[in-house]
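Chemist: Going down the list, the protein sequences come from chains A and B.
Under the working numbering, the first residue of the first sequence is numbered 370, with each subsequent residue one higher.
Under the working numbering, the first residue of the second sequence is numbered 787, with each subsequent residue one higher.
Worth flagging that the hints you see were computed from the coordinates, not collected in a lab.
Beta carbons are placed, not taken as given, at the ideal position from N, Cα and C, and that holds for glycine.
Hints are supplied without guarantee of correctness; some may be wrong.
Sample of chain A residues at the chain B side, in silico, Cβ under 8 Å [what the hints assert, rightly or not]:
id, residue
1, S428
2, V432
3, N435
4, Y498
5, D500
6, R503
7, S504
8, G506
9, L507
10, E508
11, D519
Cβ-Cβ distance ranges computed for the label pairs, FRET-style [stated by the list, open to error]:
id, chain 1, residue 1, chain 2, residue 2, range
12, A, R595, B, A856, 52 to 62 Å
13, B, G807, A, I411, 35 to 45 Å
14, B, P829, A, G496, 19 to 29 Å
15, A, L437, B, D912, 44 to 54 Å
16, B, A1018, A, R427, 20 to 30 Å
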Amino acid sequence: MDFAAIFSAAFALIVGLDPTFLTIVGLSLRVTLTAVLVAALIGLPLGAALALARFPGRSVVIVCLNALMGLPPVVAGLFVFLMLSRSGPLGSLGLLFSPAAMIVAQIILVLPIVIALTRQTVEDLWGEYRDHLRSVGLEGVRAIPTLLFDGRFALATVLLAGFGRASAEVGAVLIVGGNIAGYTRTMTTAITLETSKGDLPLALGLGLVLIVLTLAINAIAFGASRIGARYAG
Amino acid sequence: MRDVASILPLSVDAVSFLGSGRALIEDLSFTVPAGGLTVLLGPNGAGKSLTLRLCHGLLTPSEGRIGWAAGAHGRAKRHAMVFQKPIMLRRSVEANITHALAAAGVAGHERRERAHAALARFGLTDRATQAARLLSGGEQQRLAIARAWSLRPELLFLDEPTSQLDPAATRQIEELLAGLVAEGITILMSTHDLGQARRLADRVLFMHRGRLFEDAGAGAFFAGPATPEARAFIAGELIW
């Protein structure tokens, strides 16, 4: 199969809205968006709390979180696998090789990014706002809603960074999802498999979608910071 | 408007404040009764800003105490502060005011009314929906004062409110402050600007190196300062 033929077959899959193709893209988006949503719900308030809290060992926590941002996805996958496997502590839930397991693994990948970057953003903002917020009586937990809201443009970029990491990784979803066709096969695991099988059009089509997705994420992130600069100064 | 007993006088009693091992404020005592504009005057580094922060409760004295009139220990804090560099939230002009009111526990519908009143009072009504951080420096400081005013303080602290403004904006702020005093709000503000002190002060607290050197009526202070330090400052030759 020559190069041009592969490309045109890939485009045919995308334009023809091939059902297999759509299932894979749909599952990928569902898993990653859910993981980012959960990570945001946990990570934004936790990151803000970490920005404001002072306790012994805080620096250690921050360093660990920063290090976890670079956690290899396969290691996160292995960890979740051990937890969810039959003999593991959460084995009775029967979640292994399901989309739920993939969501859990991706939450573990995204959460450190959200917490660590939120901590940084909120701490900078607190440095600027501290005098005023304390003056009007907003300290500690009571300052968090204001800081998260006023950091909204920077925090949108944080969530997009998390989305980028989760949508691009293979290792974790492959280990805990199992790459089961029609059930736990995502764009990245499908690309891995189809490439090794030689079904290059499907792999390339999915690859193109991933690239477009990455491009869209970055465009949105750029737009968010632009709007932020215009509106929030 | 003044439906509760006054929080004034504010009494600062033998207050010291230590920072990195040395006394930045030493044995400071004065009172601020209701009414008028008191200027904390002194060169940079005299401890004026620290004094305001201590009074406002942003800092806790290392020694001594800051007290308010008996029975002033309500939940509502009836003193507000405006900072040297206006701190503008990343929101609209109006939202900057409603946010402060919400923090003070004012109910939703009343917030809007009071914000609109504050915007009108300080000539910012046509700016209401603009992003606060895109206002000019003078407008930002005006908004900071409007925001503090909307909290209905009895006593307003201002820390060098015009030091970053051009002469026109400075003049505008000074006129505003005179208006607030006429309205019955007590003001304690710091400045290192002698001209401003002369224009605004009813009373001068002269500070130098963390200590209070003089506490006098403005007329008496400028006519004949009692201490050599104050004389040197007025003559523009205070060495510190």
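Chemist: For every hint, state whether the structure bears it out.
Modeler: Outcome of the hint check:
1. At about 21 Å, the closest approach between the beta carbon of S428 of chain A and any beta carbon in chain B exceeds 8 Å, and the interface hint on this residue is violated.
2. Taking 8 Å as the C-beta cut-off, the interface hint given for V432 of chain A is violated, the closest approach to chain B being about 26 Å.
3. A cut of 8 Å between beta carbons decides the hint on N435 of chain A: the least distance to chain B is about 26 Å, and the hint is violated.
4. Proximity of Y498 of chain A to chain B holds as hinted, the smallest CB-CB distance being about 6 Å (cut-off 8 Å).
5. Residue-level restraint check for D500 of chain A holds (minimum Cβ-Cβ distance to chain B is 6 Å; threshold 8 Å).
6. Interface restraint check: R503 of chain A against chain B, minimum CB-CB distance 6 Å, threshold 8 Å, status holds.
7. This hint holds: S504 of chain A has a C-beta 5 Å from the nearest C-beta of chain B, less than the 8 Å allowed.
8. Interface hint status for G506 of chain A: upheld, as the beta-carbon distance to the closest one in chain B is roughly 6 Å, under 8 Å.
9. Because the smallest distance between the Cβ of L507 of chain A and any Cβ of chain B comes to about 5 Å, under 8 Å, the interface hint for this residue holds.
10. Taking 8 Å as the C-beta cut-off, the interface hint given for E508 of chain A is violated, the closest approach to chain B being about 10 Å.
11. Restraint check, D519 of chain A versus chain B: the minimum CB separation of about 4 Å is within 8 Å; hint holds.
12. Taking the beta carbon of each, R595 of chain A and A856 of chain B are about 55 Å apart, inside 52 to 62 Å as hinted.
13. The hinted range of 35 to 45 Å is satisfied by G807 of chain B and I411 of chain A, whose Cβ atoms lie roughly 42 Å apart.
14. At roughly 27 Å, the beta-carbon separation of P829 of chain B and G496 of chain A lies within the given 19 to 29 Å, and the hint holds.
15. Between L437 of chain A and D912 of chain B the CB atoms are about 49 Å apart, so this pair conforms to the stated range of 44 to 54 Å.
16. Under the hint 20 to 30 Å, the C-beta atoms of A1018 of chain B and R427 of chain A, about 47 Å apart, miss the expected range.
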